[in-house]
Amino acid sequence: MLMPTGHYFLYSDLLQYPGSFYIYSVLSGIAEEWVRERLRKGQGIDFDDLLAFSKAWVEHRERRENILDDLFQSIYIDTIFNRLERGYFRAYESAPACCFEIHRDKPLDEILPYLIGFNNMDTGHPFPLDLVDMDVGMPIWFTREFVEEVEAQVIKEAGAELAERYFQYMNPQKKWGYR
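Sequential numbering of the sequence shown, starting at 87, is according to the numbering used here.
Read the hints as simulated data drawn from the structure, not as lab findings.
Fair warning: this is a prediction, and the values are worked out from it, not measured in the lab.
In this text, a Cβ means the ideal position worked out from N, Cα and C, and glycines have one as well.
No false leads were slipped in.
Computed Cβ-Cβ distance ranges for the label pairs, DEER-style:
no., residue 1, residue 2, range
1, Glu235, Ile131, 24 to 34 Å
2, Arg230, Tyr178, 23 to 33 Å
3, Gln102, Ile241, 40 to 50 Å
4, Asp134, Pro199, 39 to 49 Å
5, Ser106, Glu243, 34 to 44 Å
6, Tyr200, Trp143, 36 to 46 Å
7, Gly92, Ile131, 29 to 39 Å
8, Ala138, Phe204, 41 to 51 Å
9, Val144, Arg230, 28 to 38 Å
10, Pro199, Arg230, 30 to 40 Å
Model the full structure from these sequences, guided by the hints.
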């Protein structure tokens, strides 16, 4: 467990410049995707290749997002780099840490007790966030399809013997409602 219960951290404590969390998040996502793809293909990992890929991806993304340059620069960039603070807190040992964003000028000592003290024990998220999650839902078949795709990819890479053992005790008639 990296973060103890009842603790938090702010990206501004870790990264020197305001808004760096956004750049870090984008680049870590790019790197994770690139490394996963290389490993899936059985290719080696070269830092120079990763740097070139990241640079090309960020340039492509910036061209795509900067269609409305004035709006992007005046509102989006200003909000992220000058007004927003991002961090994580952990309310319960059994729940994962939860990401939060607040206005940079808001007092953390007023907001943090609410975040840690008024939340769902199962998820570790503040109740308002959990309530929104309950209202914004996806059809049940969507998650089933996602899980089936993940299972299929794992089984595809695992080999026939492991796949056979995986399905050995499943009853397909129950899943599809046959009687």
